[in-house]
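Visitor: Chain by chain, the residues:
There are 2 protein chains.
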Amino acid sequence: MYFSRNDIDQLDHIYKINLINSITGYKPANLIATKSKAGITNVAVFSSIVHYGSAPPILGFVLRPTTVRRHTFDNIIETGYYTINHINEDIIEDAHHTSAKYPQDISEFNQTKLEEEYKNEFYAPFVTQSAIKIGMKFLQQLEIEANGTILILGEITDLYINDTLIEKDGFVDLMKANTAVINGLDTYAIPTKNKRLTYQRPNK
Amino acid sequence: MYFSRNDIDQLDHIYKINLINSITGYKPANLIATKSKAGITNVAVFSSIVHYGSAPPILGFVLRPTTVRRHTFDNIIETGYYTINHINEDIIEDAHHTSAKYPQDISEFNQTKLEEEYKNEFYAPFVTQSAIKIGMKFLQQLEIEANGTILILGEITDLYINDTLIEKDGFVDLMKANTAVINGLDTYAIPTKNKRLTYQRPNK
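Line order of the protein sequences matches chains B and G. So the first sequence is numbered by our numbering: it starts at 1 and just counts up by one. So the second sequence is numbered by our numbering: it starts at 1 and just counts up by one.
In case anyone wonders, no lab produced these hints; they're calculated from the structure. You may find that some hints are simply not true.
In this list, chains with the same sequence are indistinguishable; a pair is considered to hold if it fits within one copy or across any two.
[Claimed, not checked] Subject to a maximum C-alpha distance of 30 angstroms in a straight line, what follows is the list of computed DSSO-like cross-link-like pairs (lysine-lysine):
| # | residue 1 | residue 2 |
| --- | --- | --- |
| 1 | K176 | K193 |
| 2 | K119 | K168 |
| 3 | K113 | K193 |
| 4 | K37 | K101 |
| 5 | K195 | K37 |
| 6 | K37 | K137 |
| 7 | K195 | K176 |
| 8 | K119 | K137 |
| 9 | K119 | K16 |
| 10 | K16 | K137 |
| 11 | K16 | K168 |
| 12 | K119 | K176 |
| 13 | K176 | K137 |
| 14 | K137 | K168 |
| 15 | K193 | K137 |
| 16 | K16 | K113 |
| 17 | K204 | K37 |
| 18 | K113 | K137 |
| 19 | K16 | K176 |
| 20 | K195 | K101 |
| 21 | K113 | K195 |
Please model the complete structure; the sequences and the hints are all you need to start from.
Guide: Okay, here's the thing in structure tokens:
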């Protein structure tokens, strides 16, 4: 099937967002958790976390500040801290439910079985059920002129990984954790077979 | 296992890049293909493609212009066009081989079984084997001050999807295409079970 740019622009809204959100491939499935200055926690599903560098360790994610994820954005700007927590098979339904539009004074931790936990005096809550939990310090926001979305960059300050997942060379085997991926806006999938390849050099 | 920021900064280089590249979760597996003004094609694996908006349809990806992916960057800036092509199970080895450091005058299309194809007079080549192929027009580059990486934003001009993958509401079922994901720097996985959830509203 072929869609020209003109075809895409004229698609029905729901069809368009399902289509364009599917075509980047599977997306990482994470929960971002924050706490406002007033002490109200927030947790929301995000599929746009990206590695920006290892030294220093920098991760980015994208949000549209006019959506429900506004609470995440406000808390990060207000406090400077947030956590990134992996979604695994056991918490898919609860993780997806965080996309419902709750008012600011209701914590999604109280509306789901997701549990908040505090470690090493880090300000924002971690999600207990996640096999990988990352404490993040806000670095910078970059506004994308073309459509008003915002890229949030942060640096890793704390990293917790279940012991059984890490191999001798630092590789973390996500299949052992039943880590999920997101397809489009509302579908979650689980990889069940994988293959590790080698460092590639040019053919002779 | 706990890593403080100081622990991370002091890790051995290989351990560190394996670790930090694994912890964002599974990443989308795509090939970006370009052609220089001089007519030399290039194709390289990228795991950082992200959706930035559906109306207009904008995608972004991250690169470090000092690496092998320099050729992709140069061709995009020089010509204004590139394609994004999904990696499926059948082409994992060839896709991964594009990470080898070939000189600019050698096309990875000639060093692998990946096939280039041209459609609708679009300047850059598409990858024949990909079930989803996206023609992209360069919009903007944003340099990340913290580490010199570059976010490249582009808009979709052409979109090709195998007919059997699209559902009535625009959702594209990536599992039907055996679409791959990337874990860390060198491991490819295939999702084999998925679940579509509904639009979420707050609990009463």
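Visitor: Now tell me, hint by hint, if it's right for this structure.
Guide: Hints, one by one, checked against the model:
no. : hint           : result
1   : K176 with K193 : both (10 angstroms within a copy, 15 angstroms between copies)
2   : K119 with K168 : within (25 angstroms within a copy, 46 angstroms between copies)
3   : K113 with K193 : both (28 angstroms within a copy, 23 angstroms between copies)
4   : K37 with K101  : within (21 angstroms within a copy, 49 angstroms between copies)
5   : K195 with K37  : neither (45 angstroms within a copy, 36 angstroms between copies)
6   : K37 with K137  : within (15 angstroms within a copy, 42 angstroms between copies)
7   : K195 with K176 : both (13 angstroms within a copy, 19 angstroms between copies)
8   : K119 with K137 : within (15 angstroms within a copy, 45 angstroms between copies)
9   : K119 with K16  : between (41 angstroms within a copy, 23 angstroms between copies)
10  : K16 with K137  : between (34 angstroms within a copy, 19 angstroms between copies)
11  : K16 with K168  : between (44 angstroms within a copy, 11 angstroms between copies)
12  : K119 with K176 : within (24 angstroms within a copy, 41 angstroms between copies)
13  : K176 with K137 : within (28 angstroms within a copy, 39 angstroms between copies)
14  : K137 with K168 : within (28 angstroms within a copy, 42 angstroms between copies)
15  : K193 with K137 : neither (34 angstroms within a copy, 35 angstroms between copies)
16  : K16 with K113  : neither (32 angstroms within a copy, 33 angstroms between copies)
17  : K204 with K37  : between (60 angstroms within a copy, 27 angstroms between copies)
18  : K113 with K137 : within (26 angstroms within a copy, 43 angstroms between copies)
19  : K16 with K176  : between (35 angstroms within a copy, 20 angstroms between copies)
20  : K195 with K101 : between (39 angstroms within a copy, 22 angstroms between copies)
21  : K113 with K195 : between (33 angstroms within a copy, 19 angstroms between copies)
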